[in-house]
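Asker: Residues per chain are reported as follows:
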Amino acid sequence: MGVIVNDFNIMVGTVNGSGSQSANLVLMRSIFNMGVPIAGKNIFPSNIAGLPTWFNIRASEHGYMCRRAGTEILVAMNPATAADDVAQMAPGTLVLLNDTIGLLKERTDLRLLKVPFTKLVAEISPEMKLRKLLVNMIYVGIVAQYLGIESDAIDLAIDKQFSGKKKAADLNKAAVRVGQRWATENPIENLGYRIERREKTKGKIIIDGNAAGALGAVFGGLQVLAWYPITPSSSVCESAIAYLERFRHDKNGKATYAVVQCEDELASAGVVIGAGWAGARSMTATAGPGISLMAEFVGLSYYTEIPAVIWDVQRVGPSTGLPTRTAQGDVAFTYNLSHGDTAHIVLLPATVRDCYDFGAEALDLAEEFQTPVFVLSDLDLGMNNWMSDPFPYHDKPLRRGKVLSKEKLDQIKEFARYRDVDGDGIPYRTLPGTDHAKAAYFTRGSGHNDKAEYSEKPHDYKAIVDRLKKKHETARSRVPQPVVVTEPGASIGIIAYGTTHHAIVEGRDLLKKSGIKTDYMQIRALPLCEDVLRFIENHERVYVVEQNRDGQMHELIRSYGRALTDDKLRSVRHYDGTPIDAKSCVDGILAGEKVEVN
Amino acid sequence: MGVIVNDFNIMVGTVNGSGSQSANLVLMRSIFNMGVPIAGKNIFPSNIAGLPTWFNIRASEHGYMCRRAGTEILVAMNPATAADDVAQMAPGTLVLLNDTIGLLKERTDLRLLKVPFTKLVAEISPEMKLRKLLVNMIYVGIVAQYLGIESDAIDLAIDKQFSGKKKAADLNKAAVRVGQRWATENPIENLGYRIERREKTKGKIIIDGNAAGALGAVFGGLQVLAWYPITPSSSVCESAIAYLERFRHDKNGKATYAVVQCEDELASAGVVIGAGWAGARSMTATAGPGISLMAEFVGLSYYTEIPAVIWDVQRVGPSTGLPTRTAQGDVAFTYNLSHGDTAHIVLLPATVRDCYDFGAEALDLAEEFQTPVFVLSDLDLGMNNWMSDPFPYHDKPLRRGKVLSKEKLDQIKEFARYRDVDGDGIPYRTLPGTDHAKAAYFTRGSGHNDKAEYSEKPHDYKAIVDRLKKKHETARSRVPQPVVVTEPGASIGIIAYGTTHHAIVEGRDLLKKSGIKTDYMQIRALPLCEDVLRFIENHERVYVVEQNRDGQMHELIRSYGRALTDDKLRSVRHYDGTPIDAKSCVDGILAGEKVEVN
Amino acid sequence: MAEQDQDTPAAAPAQKMNKLGLSLLNYRGGKSTLCAGCGHDAISAAITQAYFELGMNPRQVAKLSGIGCSSKTPAYFLGEAFGFNSVHGRMPSVATGANLANRALNLIGVSGDGDTASIGLGQFCHLVRRNARMVYIVENNGVYGLTKGQFSATADRGSVQKKGERNTYEAIDVCALAIELGCDFVARSFSGDRKQLIPMLQAAIMHSGTAVIDVISPCVTFNDHEGSTKSYDYTKAHDWILHEIGFVPGADNIEVEFDPGTTRDVKMHDGSHLTLKKLATDYDPSVRLNALSVLQQGKADGKIVTGVLYVNPNSESFADSLKMVDEPLAHLAEKDLRPAKSCLDQVMDELR
Amino acid sequence: MAEQDQDTPAAAPAQKMNKLGLSLLNYRGGKSTLCAGCGHDAISAAITQAYFELGMNPRQVAKLSGIGCSSKTPAYFLGEAFGFNSVHGRMPSVATGANLANRALNLIGVSGDGDTASIGLGQFCHLVRRNARMVYIVENNGVYGLTKGQFSATADRGSVQKKGERNTYEAIDVCALAIELGCDFVARSFSGDRKQLIPMLQAAIMHSGTAVIDVISPCVTFNDHEGSTKSYDYTKAHDWILHEIGFVPGADNIEVEFDPGTTRDVKMHDGSHLTLKKLATDYDPSVRLNALSVLQQGKADGKIVTGVLYVNPNSESFADSLKMVDEPLAHLAEKDLRPAKSCLDQVMDELR
Ligand SMILES: Cc1ncc(C[n+]2csc(CCOP(=O)(O)OP(=O)(O)O)c2C)c(N)n1
Ligand SMILES: Cc1ncc(C[n+]2csc(CCOP(=O)(O)OP(=O)(O)O)c2C)c(N)n1
Ligand code: SF4
Ligand code: SF4
Ligand SMILES: [Mg+2]
Ligand SMILES: [Mg+2]
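Protein chains in written order, with our numbering: chain A, 79 to 676; chain B, 79 to 676; chain C, 1038 to 1389; chain D, 1038 to 1389.
No lab work stands behind these hints, which were simulated from the structure alone.
Owing to the predicted nature of the structure, the values given are computational and were not obtained by experimental measurement.
Mixed in with the good hints there might be a few duds.
As the list claims (entries may be wrong) - Now the stretches of chain C that chain A is said to cover, found in silico as 3 or more residues with beta-carbon under 8 Å: (1) 1092-1105; (2) 1110-1121; (3) 1370-1376.
As the list claims (entries may be wrong) - Here are the computed lysine-lysine pairs in the DSS-like style, where the Cα-Cα straight-line distance is at most 25 Å: (4) C:Lys-1200 x B:Lys-332; (5) B:Lys-535 x D:Lys-1185; (6) A:Lys-243 x D:Lys-1200; (7) B:Lys-332 x C:Lys-1199; (8) D:Lys-1053 x D:Lys-1068; (9) A:Lys-480 x A:Lys-529; (10) A:Lys-210 x A:Lys-197; (11) A:Lys-245 x D:Lys-1199; (12) C:Lys-1199 x B:Lys-243; (13) A:Lys-282 x C:Lys-1378; (14) B:Lys-207 x C:Lys-1378; (15) D:Lys-1199 x A:Lys-244; (16) D:Lys-1068 x B:Lys-535; (17) D:Lys-1372 x D:Lys-1360; (18) B:Lys-210 x C:Lys-1053; (19) A:Lys-516 x C:Lys-1056; (20) A:Lys-595 x A:Lys-672; (21) D:Lys-1185 x A:Lys-207; (22) B:Lys-529 x B:Lys-540; (23) D:Lys-1360 x C:Lys-1200; (24) C:Lys-1068 x A:Lys-535; (25) B:Lys-480 x B:Lys-540; (26) D:Lys-1360 x B:Lys-332; (27) B:Lys-646 x A:Lys-646; (28) D:Lys-1185 x A:Lys-238; (29) A:Lys-516 x C:Lys-1053; (30) B:Lys-238 x D:Lys-1378; (31) D:Lys-1199 x A:Lys-238; (32) D:Lys-1200 x A:Lys-238; (33) C:Lys-1199 x B:Lys-244; (34) B:Lys-245 x C:Lys-1200.
Cβ coordinates follow ideal geometry from the N, Cα and C atoms, glycine included.
Extracted from the complex, chain A is given alone in its bound form:
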């Protein structure tokens, strides 16, 4: 077997709260600093400290960023899971085992190295508290040494991780050196994996989706942020707060924004709607349980036509479900959130760049369409580290929608809050406080006519909801449109969205190797547009790949599509809480194509 260069997984099994997170990030960034694309995924429990956590670093020459099953190098630091972790390894895996951990069954088919971490770390610091943290840097040194990661790359990563704290950086570097030395003293023959310098990460950034979304919102003119903490969405708001605090004060140091940590998600939704009504760009972020609680308010926002942006960083299950696992389970629910007939704009970011773009775009769309806009991220995108090209500065004017100022009111004969003046279903609005005789109107649920007057008349109600539907139709072509990638000669299509995208990118290459050419449509928003139907028409079979049990997007497409048969449109689903990998999607498609799956 030859040497595999820049294409393998490193898995670290550890305990949360043990400080291994910094070490893992340093290891990941060291590879990145070698010019090799990486993707880091943290698999953590729903508690604060003391439970098993795994961190997977994927190095990928091709820049594949989805989860990849299989581990080439395992660092087993957690006594509680080491036996299990080791048992799951394929023969030949390199395992670094903390030598204080005794294994019941020693496997001879692995390359198992017992590392005297406790002894090694003792050299570096006499302080027990520090040792607990530094021990992790030792495995960074060992792994780096075996893989040929250069010291410069590591030091750069450490400086970044402990930026400003030179003493800490130096201590950590010392720990890395100890690890490197130990590895040099304990060489491995024919390891078979190596990191080689490349130029593939130059200028790139590493960021998580939540921070990226926050950045987009802050540069998109976010004015009011209301939130209630919930994993995995909290860092959307926490990052936004940090950026707001840095960049959004006037010359007197006063805030050009407001943040409210609310008592719950009902309140967050209310604040966002109240602020949207009064003319501020407002947003909140939550996860499924919060979405459920916001249902009534979202319906109000839809019927009263008030802008509101709601991020849903999707996780698994109800309440104590699997709050630290990922899913795309809220697509259908958010699209039609609230009782009665409703349909909302939903943006579906796949990358951190999308998060950044949609952070601003959602605010624009909400004000343009005067309606709630959802951004459906997920835990994998939101909380993991992703490599990306740097984000461009958006300098197009903010789209504030059809707002009638005092001056504009002077120019028009009549103002009717809910009238379809332009034929696009989107009415004009005025903002509270506008000092004009024609400005004021009374906002209430659906019981109103086009002048916002109370009405229980059948035709008034029907007119309102028909126009709302028209507005939704208008949105089809104005939300972010799908991106299509084709392969000459392909008769099979794949549709995916959100983080499933990354599994498709790799999956298509794998499929191609199996002789199956595919075209790929990445859906980026709801409502769906005509192109989706054309894409389906133009292919023999189309696989909709997603991360939920019920094939929610598959159903939405079937619902939207005319004359779609199941024979043509097929559903591939992955829904065990882990991010979808390329293999799951390939296997699903191969099964559909009745190709033998290995």
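With chain A held as given, fit chains B, C and D with the ligands onto it using these hints.
Answerer: Leaving out everything else, chains B, C and D with the ligands in the frame of chain A:
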């Protein structure tokens, strides 16, 4: 023109809080007492007193019970709407106008009678307060006299309405007499409408759907009722309380039930789930806004597999929407209520008999399937008066589902709360307080294995949600099955559910007259069953008729159905807040059939 | 200046103008659809009068409410003001959002006892805690009027429903709660006491944080019978009036004359004066525990305590505590909202 | 009878049995997954001990909670009891339902300060109002532990977060609220004061209505630093202990000996005794206003008042006020649940 017998509408336009409701019920019941089928619909505003209200009495020889557009006899008592009410009448309509109301435009094409109500009522009572109420009985007398309704029939109705209160009854009878006398003194030539005695209502009852549902629940062993008032569902609970108070005390006068008026719908849902968990048959009733608020709890109930019954008496719109108008707008939302992948059992009553049956059936299904069960009624069914055959006593044992008692636990080796022992996806449960070493388990969201132990393992989660899906599949054949009515030679099918049923019953007769034969499938529950697909397969075209904007059931059928094309399955919708009438549904179908619509 | 103080007997009362040159008509709203005699209508009239007399631009006012008969009333006063009839029990959060988006708006929230003390209790408490600047009125009739008369959470234990049912729950006293939660303006009044309510409202409108006024407002249709403790008769008979209230707007810059022996003077944040004329006892509304004791005592004695229960005129509003710019956020221009390109570049650099 | 009172030095402590013949092991739960040193774990231990000493059948207990680190703890005590980890902030309604379905269940609810005072405030208040029989424990650390340390609604104004942010909101005092809302058993303790907490828990368990115990329970990971007012150090330093608490179970039928001059004796509903030994001052917990003043005073003095703040042992539980049958509803047979055919016939007749 001949005389139309037993087949016309009487509309009374009045003011709510004016006491006309009793008069309208007496008039309706008088016709009923003549043996002629009736249906009464109250169109009332969302306030307490002083706003326009209309009451429509349909007399129907055929027993059609849906709304029928058009008015043959108008009683215009409300100065605020009289002009409008009168303007809408077709030529020839008999209009009884309170002579204190001046009309701007007098129409000569109507048969307009100005009735000196104020003068007439003065004869009966000197008390102003009483006069305000009694004035309404005068129009009862007049209309009854013109139509040939016998005094016996009226007196019987009055005795029922004022049961026990002889003095009130006598006063009201006197007012009726005054009306009758006035009518006799002011005869109409060739009125063209008449009530003739029939035998079609013998033994029948008149009840509203909410009371019927409450009765079903109380006779179905309801133990805990939690509620928060909301129109149009309040009377489900208020009726249940009345029946519970009458029939559900032990020999010491102690209650065998508990009722909690909660602080909101979140709390109602919580109480129902807590009670269901602890082993009581529990239920709540609400409308759309409450459903929205219950979303999180319903997801918990689904994943933790706790029985819960939730009535949704559907109304229109959000909050201040049209809370006193009817709709079938919550079908899709309740079916998949809560974030993540969920699917619930939903019962769809069409008649008051269904309400009664489902009142008990929902409690059975909830315990059998250990899951939330919705009953989707609507304002039209819930709050209007419907004629029905009397309800049979259900004497089959209550179905309490798979509960392991202390004794049963002794007999089994292991108890695993979430294990699929029987292959139907439904696990066994124990009730809190069971004094057995094997009994206790810990209830939490989806993060558990089949022994109810905490687990974040991918395969544990997948196993749980796959089994939940299986359970839902099991439900397909165990929920109330569709009812099919056929017409020899029909190639067109109609699918409807809930109150739309009544428009279909009449609509099919109308269609037949237009030469279009139809078969009809009445869906009575979700999840859908295979029969629905077979019904579609067996017809050239199938119209799904319903009362919401987005064709929600149409979409659910398309989602469930394989290989259904839009060309075959079509959607007919009525959604202006009024109950669907036969004509709307016929017009929709004729348009689809490209038959000229008049 | 202060035109409302000039008594011009020549002009018909309808013509009377306030300092903005507006007549009472400019402060009226749509026609009420409530039951004739409903306490809520009297409160709407008092609100109309209070704003008119203050000479506040109605277009700078925003009216918010939840759901209920009470929550309908914003449609019946200040027709020139923007209104928002939101969802049941959640107006406080909507008002908070509106306050943050445009702090120059003068907010008035109208709620019911069900809307506030039943479904909305959590939001009410948290609004008070945040101290967003607004007047929050509870039109308290002890029942859910709009859903036909069920007991609400403010119904007194032992009080009797129209159909005869007796309430077995302890009543929630929203004033006591607000005081306990740190609210800096808490008062109770009676819809039948216009003389008390109008100046109380004016002081509340000028208060710099959340001002809570619980107004007993009888529901003539469902809760005005014997056995009710929220009927007109009962309230009149059991009203324990703490003091006679007066209000002198600060903008008028008039030196207030009052006798320190008989009248307390509270100088509000904006310089206006709330005067409290001593009645039977001398009540000091600047001590929280006083308010709690007087409420407990009222409860023990079967009295309804009305008046300004607690006031701290130096209340730091939510917007201030957030250190927001003075200009309403909603009025900020794009340049204030989008940071410069250099800021983004800086962040990108850090992420490399 | 009272085996826990016999001091049998021969038996090893682990073997010690209670009156049911169960050892402490029978009252233990699963292994905790909380941070080492978390206050919540100490509370779980106290709960374990309290039930063990009471000799209550653990299978008759049901443990309920919302969501949070605190709400996880029902998994860590009383492993033989049924548990329900429900949704965030809404455990009170679930507990109410469980109480109605089976009034024989001995309910213990565990919540956090976020779970109770932020998202769950409304439900908490309404639970107290209903007075469903249960112990309701707030494990109060002033932060949302499980979501990594944001301030909750019980964080004191001015207290400092780990990252340095200062809290600008007024703290919600759940004890004061509960007292204001008519709760008949309200106490505060400290996770570090096992001696106080155990008898307090025992009295709460025997209380006939809702018993609220707010336990300051430091979060070692996010709120145990300087500047925190919920740290171990701060709480120890500022603990104002009202009295020394003892508990004598009533089933033992032992005449309680106490010195009326130094000790107050509260005879609980079931005959057991709560004894409160006077410390610096003689605190009378039978007067609501006393509790409110002592809390206000504590606040003014920067003290954390711990002890039994208010107790009224003659509390009418929710199930009693509903006049329910004594037998748990969940145990009723079909014949009790479905009225006779004649009843239906009667209704049908009326509808004709
Ligand atoms: C979520 C929700 N639940 C229930 C209702 C029904 N509802 C409307 S108003 C109301 C109670 C109003 O009582 P209150 O606030 O006291 O106002 P009042 O009518 O007495 O003035 C209720 C329960 C609703 N609109 N929304
Ligand atoms: C509806 C909902 N919103 C938010 C969350 C996220 N969440 C879980 S626990 C928690 C706060 C817990 O704080 P607290 O009750 O004080 O418990 P602690 O962890 O401090 O013991 C939050 C916000 C959730 N689970 N559900
Ligand atoms: S029902 Fe009561 S609260 Fe509602 S409008 Fe009528 S009197 Fe007022
Ligand atoms: S985070 Fe805080 S509250 Fe949570 S377990 Fe750790 S110490 Fe306890
Ligand atoms: Mg009320
Ligand atoms: Mg906490």
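Asker: Each of the hints needs a verdict: does it hold here or not?
Answerer: Do the hints match the structure? See the list:
1. Only when three residues or more bring their CB closer than 8 Å to a CB of chain A does the claim for the region 1092-1105 of chain C stand; here the count is 5, and the claim holds.
2. Residues of the region 1110-1121 of chain C with a Cβ under 8 Å from some Cβ of chain A number 8, which satisfies the need for three, so the listed coverage holds.
3. For the region 1370-1376 of chain C, the stated coverage by chain A is satisfied: 5 residues place a CB nearer than 8 Å to a CB of that chain, which reaches the threshold of 3.
4. Taking the CA atoms of C:Lys-1200 and B:Lys-332, the gap is near 21 Å; set against the 25 Å cutoff, the hint holds.
5. Between the alpha carbons of B:Lys-535 and D:Lys-1185 the distance comes to roughly 23 Å, so the proposed pair stays at or under 25 Å and holds.
6. Between A:Lys-243 and D:Lys-1200, the direct Cα distance comes to roughly 16 Å. Compliance with the 25 Å bound is thereby established for this hinted pair.
7. With a C-alpha separation of about 24 Å, the suggested pair B:Lys-332 and C:Lys-1199 falls inside the 25 Å cut-off, and the hint holds.
8. With a C-alpha separation of about 21 Å, the suggested pair D:Lys-1053 and D:Lys-1068 falls inside the 25 Å cut-off, and the hint holds.
9. Annotation: proposed proximity of A:Lys-480 to A:Lys-529 holds, straight-line Cα distance about 16 Å (limit 25 Å).
10. Of the supplied pair hints, the one linking A:Lys-210 and A:Lys-197 holds, its CA atoms being roughly 12 Å apart against a limit of 25 Å.
11. Pair hint A:Lys-245 plus D:Lys-1199 holds up; C-alpha atoms about 22 Å apart against a cutoff of 25 Å.
12. Using a Cα cut-off of 25 Å, the hinted pair C:Lys-1199 and B:Lys-243 holds, with the two alpha carbons roughly 18 Å apart.
13. At most 25 Å may separate the alpha-carbon atoms for a hinted pair to count; A:Lys-282 and C:Lys-1378 meet this at roughly 18 Å.
14. Of the pairs offered as hints, the one joining B:Lys-207 and C:Lys-1378 is violated, with about 75 Å between alpha carbons and a cut-off of 25 Å exceeded.
15. At most 25 Å may separate the alpha-carbon atoms for a hinted pair to count; D:Lys-1199 and A:Lys-244 meet this at roughly 22 Å.
16. For a cut-off of 25 Å, the pair hint linking D:Lys-1068 to B:Lys-535 stands: about 18 Å separates their Cα positions.
17. For the proposed pair D:Lys-1372 and D:Lys-1360, the alpha carbon gap of about 19 Å is at most 25 Å, so the pair holds.
18. In summary, the hint linking B:Lys-210 to C:Lys-1053 is not supported, as the alpha carbons are separated by about 39 Å, beyond the 25 Å threshold.
19. This hinted pair checks out: A:Lys-516 and C:Lys-1056 have alpha carbons roughly 22 Å apart, not beyond 25 Å.
20. In summary, the hint linking A:Lys-595 to A:Lys-672 is supported, as the alpha carbons are separated by about 15 Å, within the 25 Å threshold.
21. Of the pairs offered as hints, the one joining D:Lys-1185 and A:Lys-207 holds, with about 21 Å between alpha carbons and a cut-off of 25 Å not exceeded.
22. Restraint check for B:Lys-529 and B:Lys-540: satisfied, since their Cα atoms lie roughly 14 Å apart, inside the 25 Å limit.
23. Taking the CA atoms of D:Lys-1360 and C:Lys-1200, the gap is near 19 Å; set against the 25 Å cutoff, the hint holds.
24. Restraint check for C:Lys-1068 and A:Lys-535: the C-alpha separation of about 18 Å stays at or below 25 Å, so the hint holds.
25. Distance hint between B:Lys-480 and B:Lys-540 is fulfilled; the C-alpha atoms sit about 23 Å from each other, no more than 25 Å.
26. Between D:Lys-1360 and B:Lys-332 the CA atoms are separated by roughly 6 Å; this keeps the pair inside 25 Å, and the hint holds.
27. Among the hinted pairs, B:Lys-646 with A:Lys-646 is consistent with the structure: their alpha-carbon atoms are about 18 Å apart, no more than 25 Å.
28. Distance restraint check for D:Lys-1185 and A:Lys-238: the Cα-Cα separation of roughly 24 Å lies within the 25 Å cut-off, and the hinted pair is therefore satisfied.
29. Between A:Lys-516 and C:Lys-1053 the alpha-carbon distance is near 24 Å, which keeps this suggested pair within the 25 Å criterion.
30. Our distance criterion of 25 Å between C-alpha atoms is met by B:Lys-238 and D:Lys-1378, whose separation comes to about 23 Å.
31. Note on D:Lys-1199 and A:Lys-238: the hinted pairing holds, with a Cα-Cα distance of about 23 Å set against a maximum of 25 Å.
32. Taken as a hint, the D:Lys-1200 and A:Lys-238 pair is honoured in the structure, with Cα atoms around 20 Å apart against an allowance of 25 Å.
33. Annotation: proposed proximity of C:Lys-1199 to B:Lys-244 holds, straight-line Cα distance about 22 Å (limit 25 Å).
34. Our distance criterion of 25 Å between C-alpha atoms is met by B:Lys-245 and C:Lys-1200, whose separation comes to about 20 Å.
Of the numbered hints stated above, those contradicted by the structure are hints 14, 18, listed in ascending order.
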